[in-house]
Amino acid sequence: MKTYLSLIAIDLKLAARQRTVIFFNYLFPLIVFFIFSLVFGARQNPAQMTYVLTMSVSLGVLGNGLFGAGIRTLQERELNILRRYKVTPITPVPILVASMVTGWCIFMPYILIVISLAHFIYHMPWPARFGSLFAFISIALIAFRAIGLVIASVANTMQEGAILVQLCYFPMMFLSGATLPAIFFPHLLQVFANFIPATYLVFGMYGIMLDHKGFTDNWRSVLALVITAAVGLTVGTKLFRWEKEERIRGSAKLWIVGVLLPFVLMGVYQAVTGHNVITPGIFRR
Amino acid sequence: MSADAIIAVQELRKSYDKLEAVKGVDFQVGAGEVFGILGPNGAGKTTTVEILEGLRPRTSGDARVLGYDPERQKQQLKDRIGVCLQATNLPPKIRAQEALDLFGSFYSRNISSEKLLKRLQLWEKRNAFYETLSGGQKQRLALALALVNDPQLLFLDEPTTGLDPQIRLEIHGLIEELKAEKRTVVLTTHYIEEAERLCDRVAIMDEGRIVAMGTPRELQQKSREQSRIEIVCAQALNAGQLPQWPDAMQTSVDGDGRSLVVYSKRPARTLFEIMKWMDQQGIQLDDVHLKKPTLEDVFVELTGKRLRD
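In order, the protein sequences belong to chains A and B.
When we follow our numbering, the leftmost residue of the first sequence carries the number 1000, and every step to the right adds one.
When we follow our numbering, the leftmost residue of the second sequence carries the number 679, and every step to the right adds one.
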């Protein structure tokens, strides 16, 4: 426990000392929040604020998970920082757990800030299911950080990792409904969106914010994200590499597909049953 | 293997695909001994040491460190040893004291960071970020990290490489303190003077094999035992007219004809005869040096290479 607490404490201190962490976890999502508020006319129509809030939070979760966890682990490996940890008696587990907890501690204040801004500036009502929202975002954050850690584990170089992160980040950002409402997508893209993890984040949040669904009512999204977090952490631990010289086989990159498997299955399920996570009703309000 | 050996290695081998980096190495290190592994880059010293630290699996052979198998009992072993790696780093924004407190928390026992910072003359820098420390301060912090669990066995992998002479001397002083505290130290280096000054025994490695092992004095005696006499004269000598001095094995005149180099097994007698001859010939002496064989000479004799090749 001493090891875990020390790692979490130092990770938090180091994060607070880095301007990029502050920028990508607070300033950038806040800029997005205010721009979307303007574009959606949230001041005139407070109901629009729910969409704006969801988009802003979703972008924050994606950035925190993929860039925060993934790129940072890669940097530490490239700079031979993880090599120093390797000579001590610790395993990868406390390092990964500390990364999860730190990411959560850094991001959660943003949720409170943005909801407060939405309420006090744009007169959005307080979320009816605050506990469910908080729990859902926490699980989503862990799931996306786990995806980031798997990417860091399978990428051999910083350059390779940056490409893989962006290959995940941009499709998730544009096709999940985090930036453009998915209901306006052609049918084929809507089906494709069912296979993207971020879609479950965005629509899970819509369910809680708009339909006042509880945590359990959102079980499909919750289940997909929980499985992703569990598989991601397991794979991240299994493939964890301390040194840049330790190369990984090309076939190991298929683990990314393994982590995304819950979404592939959910996508297939929804395509077959016709039960689409992108429910038009949400947008008709 | 000796029962009281802190480290015992038998027929140790390590291959990376088709490259055999360590080719059947045997040695033992006793308690309180400073054991040097000397060799050029690529000799296999770091690979050997990293196997013993539990960082790499071996391909074959046997290794015991503090009674543990470094491959199968690596967590227990890592808890008991201190390691100063050749190429490592810390997060740029971590403070010196924070780093020691953090790494100390990983071990079942630890020394207070304050005590270590004072010992390593880093107390003034305790709140400095790692990125602002000089090369010497970073290396001292690396040594402090190696001592954070108060280990009885330390592995120091090229601890002075790339440091200026003053810092190297400071680190040598610290290693001598560790020796005085009866800690066992395994030191890899390619600095001859470091091995000669600090090590009780030295293994010379080349191309994955130990080519010689013993105390620095024993190794020096294994050379052809020829001392080198260097004499600089005020005027040029005629190489063809030099006499055969007693016990001189090889004689040559270098450069502008003023530098005379003579190898001898009995340098005192040979030097006396040379001085006598120069006096008879009326040749003025500008400078004279007598060099005993060094580990470098031994290494060159054994491998045909220089240590820093």
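One or more hints might be untrue.
Calculated pairs, PhoX-like style, for lysine-lysine (alpha carbon to alpha carbon, straight line, at most 20 angstroms) [said to hold, decoys possible]:
{"hint": "1", "chain 1": "B", "residue 1": "K796", "chain 2": "B", "residue 2": "K752"}
{"hint": "2", "chain 1": "B", "residue 1": "K793", "chain 2": "B", "residue 2": "K803"}
{"hint": "3", "chain 1": "B", "residue 1": "K816", "chain 2": "B", "residue 2": "K860"}
{"hint": "4", "chain 1": "B", "residue 1": "K701", "chain 2": "B", "residue 2": "K954"}
{"hint": "5", "chain 1": "B", "residue 1": "K943", "chain 2": "B", "residue 2": "K954"}
{"hint": "6", "chain 1": "B", "residue 1": "K771", "chain 2": "A", "residue 2": "K1012"}
{"hint": "7", "chain 1": "B", "residue 1": "K752", "chain 2": "A", "residue 2": "K1237"}
{"hint": "8", "chain 1": "A", "residue 1": "K1012", "chain 2": "B", "residue 2": "K803"}
Covered by chain B, per the in silico footprint, the following chain A stretches (three or more residues, Cβ under 8 angstroms) [claimed, not checked]:
{"hint": "9", "segment": "1030-1040"}
{"hint": "10", "segment": "1085-1095"}
{"hint": "11", "segment": "1227-1239"}
No wet-lab data here; the hints were simulated from the structure.
By construction, the Cβ of each residue, glycine as well, lies at the ideal position given by its N, Cα and C atoms.
Checked hints:
With a C-alpha separation of about 31 angstroms, the suggested pairing of B/K796 with B/K752 is violated against the 20 angstroms cut-off. Restraint check: the Cα-Cα separation between B/K793 and B/K803 comes to about 13 angstroms, which is no more than 20 angstroms; the hinted pair holds. Simply put, B/K816 and B/K860 have alpha-carbon atoms about 25 angstroms apart, too far for the 20 angstroms limit, and the pair is violated. With a CA separation close to 52 angstroms, the supplied pair B/K701 and B/K954 exceeds the 20 angstroms bound.
Note on B/K943 and B/K954: the hinted pairing holds, with a Cα-Cα distance of about 18 angstroms set against a maximum of 20 angstroms. At roughly 9 angstroms between alpha-carbon atoms, B/K771 and A/K1012 fall within 20 angstroms of each other, so this suggested pair holds. At roughly 17 angstroms between alpha-carbon atoms, B/K752 and A/K1237 fall within 20 angstroms of each other, so this suggested pair holds. A hinted pair counts as satisfied when its Cα atoms are at most 20 angstroms apart, and A/K1012 with B/K803 qualifies at roughly 18 angstroms.
Counting residues of the segment 1030-1040 of chain A whose C-beta lies closer than 8 angstroms to any C-beta of chain B gives 0; at least three are required, and the coverage claim is violated. Counting residues of the segment 1085-1095 of chain A whose beta carbon lies closer than 8 angstroms to any beta carbon of chain B gives 6, which reaches the threshold of three, so the coverage claim holds. Interface restraint, the segment 1227-1239 of chain A with chain B: violated (0 residues with C-beta to C-beta distance below 8 angstroms; minimum three).
Hint compliance for this structure: hints 1, 3, 4, 9, 11 are not met, and every other hint is.
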